[in-house]
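This is what each chain is made of:
There are 2 protein chains.
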Amino acid sequence: MSFIRNNTRSIKLGSVTIGGGAPVSVQTMTNTDTRDVAATVAQIGRTVAAGAEIVRLAVLDERAADCLAEIVPESSVPLVADIHFDWRLAVRALEAGVDGIRINPGNIGGADKVRRVAEAAGARGAVIRVGVNSGSMEKEVLARHGGHPTAEAMVESALDKVRLLEETGFRNIKVALKGSNVMNTVAAVRLWAEASDIPQHLGVTEAGDAFSGTVKSSVGLGLMLAEGFGDTVRVSLTAPPEEEARTAWEILRAVGLRSRGVEFISCPTCGRCEGPLFQLAAEVRQRLGDVKAPLKVAVMGCIVNGPGEAKEADAGIALGRESGLVFVRGRQVEKVPFDRLVDVLEQEVRNL
Amino acid sequence: MSFIRNNTRSIKLGSVTIGGGAPVSVQTMTNTDTRDVAATVAQIGRTVAAGAEIVRLAVLDERAADCLAEIVPESSVPLVADIHFDWRLAVRALEAGVDGIRINPGNIGGADKVRRVAEAAGARGAVIRVGVNSGSMEKEVLARHGGHPTAEAMVESALDKVRLLEETGFRNIKVALKGSNVMNTVAAVRLWAEASDIPQHLGVTEAGDAFSGTVKSSVGLGLMLAEGFGDTVRVSLTAPPEEEARTAWEILRAVGLRSRGVEFISCPTCGRCEGPLFQLAAEVRQRLGDVKAPLKVAVMGCIVNGPGEAKEADAGIALGRESGLVFVRGRQVEKVPFDRLVDVLEQEVRNL
Numbered sequence: 000m001s002f003i004r005n006n007t008r009s010i011k012l013g014s015v016t017i018g019g020g021a022p023v024s025v026q027t028m029t030n031t032d033t034r035d036v037a038a039t040v041a042q043i044g045r046t047v048a049a050g051a052e053i054v055r056l057a058v059l060d061e062r063a064a065d066c067l068a069e070i071v072p073e074s075s076v077p078l079v080a081d082i083h084f085d086w087r088l089a090v091r092a093l094e095a096g097v098d099g100i101r102i103n104p105g106n107i108g109g110a111d112k113v114r115r116v117a118e119a120a121g122a123r124g125a126v127i128r129v130g131v132n133s134g135s136m137e138k139e140v141l142a143r144h145g146g147h148p149t150a151e152a153m154v155e156s157a158l159d160k161v162r163l164l165e166e167t168g169f170r171n172i173k174v175a176l177k178g179s180n181v182m183n184t185v186a187a188v189r190l191w192a193e194a195s196d197i198p199q200h201l202g203v204t205e206a207g208d209a210f211s212g213t214v215k216s217s218v219g220l221g222l223m224l225a226e227g228f229g230d231t232v233r234v235s236l237t238a239p240p241e242e243e244a245r246t247a248w249e250i251l252r253a254v255g256l257r258s259r260g261v262e263f264i265s266c267p268t269c270g271r272c273e274g275p276l277f278q279l280a281a282e283v284r285q286r287l288g289d290v291k292a293p294l295k296v297a298v299m300g301c302i303v304n305g306p307g308e309a310k311e312a313d314a315g316i317a318l319g320r321e322s323g324l325v326f327v328r329g330r331q332v333e334k335v336p337f338d339r340l341v342d343v344l345e346q347e348v349r350n351l
Numbered sequence: 000m001s002f003i004r005n006n007t008r009s010i011k012l013g014s015v016t017i018g019g020g021a022p023v024s025v026q027t028m029t030n031t032d033t034r035d036v037a038a039t040v041a042q043i044g045r046t047v048a049a050g051a052e053i054v055r056l057a058v059l060d061e062r063a064a065d066c067l068a069e070i071v072p073e074s075s076v077p078l079v080a081d082i083h084f085d086w087r088l089a090v091r092a093l094e095a096g097v098d099g100i101r102i103n104p105g106n107i108g109g110a111d112k113v114r115r116v117a118e119a120a121g122a123r124g125a126v127i128r129v130g131v132n133s134g135s136m137e138k139e140v141l142a143r144h145g146g147h148p149t150a151e152a153m154v155e156s157a158l159d160k161v162r163l164l165e166e167t168g169f170r171n172i173k174v175a176l177k178g179s180n181v182m183n184t185v186a187a188v189r190l191w192a193e194a195s196d197i198p199q200h201l202g203v204t205e206a207g208d209a210f211s212g213t214v215k216s217s218v219g220l221g222l223m224l225a226e227g228f229g230d231t232v233r234v235s236l237t238a239p240p241e242e243e244a245r246t247a248w249e250i251l252r253a254v255g256l257r258s259r260g261v262e263f264i265s266c267p268t269c270g271r272c273e274g275p276l277f278q279l280a281a282e283v284r285q286r287l288g289d290v291k292a293p294l295k296v297a298v299m300g301c302i303v304n305g306p307g308e309a310k311e312a313d314a315g316i317a318l319g320r321e322s323g324l325v326f327v328r329g330r331q332v333e334k335v336p337f338d339r340l341v342d343v344l345e346q347e348v349r350n351l
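If you're matching them up, the sequences are chains W and P in order.
Going by numbering that gives the first Met the number 0, the first sequence opens with residue 0, and the numbers climb by one from there.
Going by numbering that gives the first Met the number 0, the second sequence opens with residue 0, and the numbers climb by one from there.
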């Protein structure tokens, strides 16, 4: 199944193109103290290994901004500085070499300061993300919308902020409209696409811990992406940023937009299952975690649905009573006892 | 945000109404040996506590079918017997008192056997679910669709099977079209709604382990539910069935259809966070796990988005440097040191 992507203008964030039909890129945000260069660089490396293509860092003070100069050369992906309240930190972060900043033009100190930040970003070809977050909306905008961060309020707030930037002639902009309410975020993202061709950074903010955050982000991003919205995504989880990147990739794969690494298919098990399926599935995932090729591997518990699924996959196993069948590209290749199943499957996958 | 539900006929599965605009019900399936009555009854109890409203059990042989007579009276929710190949097991399960059976009318032994099963179900007012699974499609149907379980192939297979049942005069039917490919399942569900008013049981089958299964089910069910499809849902995970029920509820909440228990909002933490947020969030979830009222509780790490989110929630905390602010229904009620924060929040939530 294919679908039509919403048409947006194309911008460059360092080496990554965002919008204009470019692949939807995966972002995350470090949770280290940015002033701890070693810890931050190490975390960036882990998130990149997990699939992050853009990494954002919180910049709370001048020391953090200055540390960016040491962090940027160590990162293999473009970095974005997240800044609130202080326009000088934004300029300092840009001077330190980040490819983008995330600011709220409404709390940076007036039109003159917004101009100074836009000039600094423009001189370096950097991107400015205008972020609207349902948890930190302007009182005046909220007041015009019954006191609540509705979709209309979020879009109005973003348009106001974009106008501040565009009045300075700056166009290298992306926006993010993030609400903690999934369907509200979806509504805001749809509305934005009617109002502007500025590319969208998608996310469901403050989504919750790994469990509820994964569900809310998957439902929300899934819906928005399947409707053709979104040029770059971040999954927010109260969990390490590597998990955010992994989850984002899993969502992109589920909607059929991009894939990376092995897709694992396995069944929930039922009374029909006569083998140690949970164990085998976990072992297969662990053994094949380093495979980067976009392969489909099935681990199935019975002979009702097992062989069918295993045949549709690139490789797979279907459990019987004391042994399992190994399939490769639709053909049954071997019948193997449980204790050798994972070895044989791994070998077959690596041969592909 | 509200949306229009797809119009389906209404059927009764025991005490649960499915279709015709009834609330989307949550199902799961046991993975115990159905012949182990004690283990099965205990697992049903745990899944019901986690929110299951209908529970399915695999029935592999006559002993399993007979055990249903002991299991049914111990279950507070309607039970469905999952049967393959043997029409006599279906009749036996119905005699044992289940409110529904899941069969594949195509592999039960011909039109005459289908009639016998439909008569037995009709006599007891039981529901028959026609299940189409991309992993176990008829060779003839596949052949007509290029050898692959496409959306069209799945719908054709379901229509063939429904016809077999309806020819006997039986109407108490629901269907499930499940593929391991998310977008393919979505396409099949959309097509079905154009072809028939028979209510749909939604699921993404063989979705994978708890991680990828949660993402795929959330994306798939989220999309289908948000488009107005689906009358009952099952999340399939290679994980205990209680997790399936919890995940289903989280999805229903995310799309704004139903809610149950506390909704936890928390932030992903970033360099701005100065307190032990992961720990506090986990502790809050654990302490409030027994609360059934649909409340929204926020646990936020900083003063940028924290107070805004905490105010939108029924109760919440926002961390500062060494203490946190506690909010209740939009009002800041107290500033509390970290070590007493969860106690104070719990007390405030229980007062609500």
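If you're looking for bench data, these hints aren't it; they were derived computationally from the structure.
All C-beta atoms, glycine included, are put in the ideal place defined by N, C-alpha and C.
It is possible that part of the hints are untrue.
To be verified - Pairwise CB distance ranges (calculated):
hint	chain 1	residue 1	chain 2	residue 2	range
1	P	R115	W	P22	52 to 58 Å
2	W	G146	P	R349	40 to 46 Å
3	P	H144	W	P22	26 to 32 Å
4	W	G146	P	S258	44 to 50 Å
5	W	S9	P	Q285	30 to 36 Å
What the hints assert, rightly or not - No more than 27 Å apart at the CA atoms, straight line, and that leaves these computed lysine-lysine pairs for DSS-like:
hint	chain 1	residue 1	chain 2	residue 2
6	W	K295	W	K310
7	W	K138	P	K112
8	W	K138	W	K112
9	W	K334	W	K295
10	P	K138	W	K138
11	P	K295	W	K138
12	P	K295	W	K310
13	P	K310	P	K334
> Checked against the structure, which of the hints given earlier come out wrong?
Replying inline: Failing hints, ascending: 2, 4, 5, 7, 10 and 12.
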